[in-house]
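Asks: Between the sequences and the hints, there should be enough to build the whole structure, so can you do that?
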Amino acid sequence: MDALTALHRCGGSATWAELKGLTNRRGLDKALQLGVIVKHRHGSYALPTDDHRRAAGELCGVVSGLSAALHWGLKMKKEPEHPTVTVPRSRRVDASRREGVQLHRDTLPAGHVFQGVTSLARTVADCARWLPFDEAVCVADSALRSRLVTKEDLRAVVVSLPRTGRSRAMAVVEFADGRAANPFESCLRVIAAQVTGLCAEPQVEIGPHRVDLADRRLRLVIEAESYAFHGSKELFRADVRRYTWLATQQWVVARFLWEDVMHAPERVREALHLLVKTRLACSCLAATGGAPFI
Numbered sequence: 005m006d007a008l009t010a011l012h013r014c015g016g017s018a019t020w021a022e023l024k025g026l027t028n029r030r031g032l033d034k035a036l037q038l039g040v041i042v043k044h045r046h047g048s049y050a051l052p053t054d055d056h057r058r059a060a061g062e063l064c065g066v067v068s069g070l071s072a073a074l075h076w077g078l079k080m081k082k083e084p085e086h087p088t089v090t091v092p093r094s095r096r097v098d099a100s101r102r103e104g105v106q107l108h109r110d111t112l113p114a115g116h117v118f119q120g121v122t123s124l125a126r127t128v129a130d131c132a133r134w135l136p137f138d139e140a141v142c143v144a145d146s147a148l149r150s151r152l153v154t155k156e157d158l159r160a161v162v163v164s165l166p167r168t169g170r171s172r173a174m175a176v177v178e179f180a181d182g183r184a185a186n187p188f189e190s191c192l193r194v195i196a197a198q199v200t201g202l203c204a205e206p207q208v209e210i211g212p213h214r215v216d217l218a219d220r221r222l223r224l225v226i227e228a229e230s231y232a233f234h235g236s237k238e239l240f241r242a243d244v245r246r247y248t249w250l251a252t253q254q255w256v257v258a259r260f261l262w263e264d265v266m267h268a269p270e271r272v273r274e275a276l277h278l279l280v281k282t283r284l285a286c287s288c289l290a291a292t293g294g295a296p297f298i
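Just so we're aligned, residue 5 is where the sequence shown starts under our numbering, counting upward by one.
What the hints contain is simulated information worked out from the structure, not anything from laboratory work. It should be emphasised that the depicted structure is a prediction, and the values quoted were computed from it without experimental measurement. The reader is advised that the hints may include incorrect statements.
Simulated restraints, written as ranges between beta carbons of each label pair [claimed, not checked]:
# : residue 1 : residue 2 : range
1 : 220       : 275       : 17 to 27 Å
2 : 156       : 241       : 40 to 50 Å
3 : 25        : 220       : 40 to 50 Å
Pairs of lysine-lysine residues, derived as BS3-like cross-links and limited to a Cα-Cα distance of at most 30 Å, are as follows [unchecked claim]:
#  : residue 1 : residue 2
4  : 155       : 82
5  : 237       : 281
6  : 24        : 43
7  : 82        : 43
8  : 24        : 237
9  : 155       : 34
10 : 24        : 34
Idealized CB from N, CA, C, for every residue including glycine.
Replies: Okay, here's the thing in structure tokens:
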């Protein structure tokens, strides 16, 4: 796939190690020349944010929400269609100037703004109260994964928010987990959390292997399958051997596609529901001396 599509697939920000399984170097270099992708100093690639800063400047506002998340290099489920800008509550903005901008009104403390952009913690908090739960979790997971903020930092900002949306934001923060590797895994974990009887923990070590999600009680492994991690014969062989080893240890492995997790979550949820029923039935049989737990 082309470099821009690959970057979108990776959540809007990625290193070359993450991109090379989806695109080639020539395509990435061309995208850089065209300006549709930019390279940050720390070696990662991201979508440009010039339009977002320009929109904020024209409204004398602050870059916020997903626009700020782009600035901070956070991964997300969906990149913003329009710049997101926050202006003071008392600011009057004519309808013609609001066109093509996602406008929010709020009083931002000085500590919540850095060089015209909401701080990292405030960015996560705003996304947590403005976005759908799974999209907000992707941003929060990415922020925690960066280790530039902690849950305590996020909680401190959330409790200072206006009452409207505060409980929603706190729910996102409490659910967030920096162990999730990417938005794909974050969204899969959100779906798993909606399945009764399933307790999916991210990045679980099982023997010599690490899996995306696992329920230890049910011995159920849940994998977010991506072409990016099967880009060579060696990686393919390693995965086959890993899944075979897990099967010998009585683990069931469920593998889900990016397209289904991102665009057909009900299909994934139903599959997980049926798997939980099956595993619980096997567990009951084993406990009563019936068929073994398989």
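Asks: Does each hint fit the structure? Answer for all of them.
Replies: Against the structure, the hints come out as follows:
A hinted range of 17 to 27 Å for the beta carbons of residue 220 and residue 275 is consistent with their spacing of about 20 Å. Between residue 156 and residue 241 the beta carbons are some 43 Å apart, a value that agrees with the proposed interval 40 to 50 Å. Against the hinted window of 40 to 50 Å, the Cβ-Cβ separation of residue 25 and residue 220 comes to about 29 Å, which falls outside the hint. Our distance criterion of 30 Å between C-alpha atoms is met by residue 155 and residue 82, whose separation comes to about 23 Å.
With a CA separation close to 35 Å, the supplied pair residue 237 and residue 281 exceeds the 30 Å bound. With a CA separation close to 15 Å, the supplied pair residue 24 and residue 43 stays within the 30 Å bound. For the hint pairing residue 82 with residue 43, the CA-to-CA distance comes to about 20 Å; that is within 30 Å, so the pair holds. This hinted pair checks out: residue 24 and residue 237 have alpha carbons roughly 15 Å apart, not beyond 30 Å.
Distance check on the hinted pair: residue 155 and residue 34 sit about 39 Å apart at the alpha-carbon level, beyond 30 Å; violated. For the hint pairing residue 24 with residue 34, the CA-to-CA distance comes to about 14 Å; that is within 30 Å, so the pair holds.
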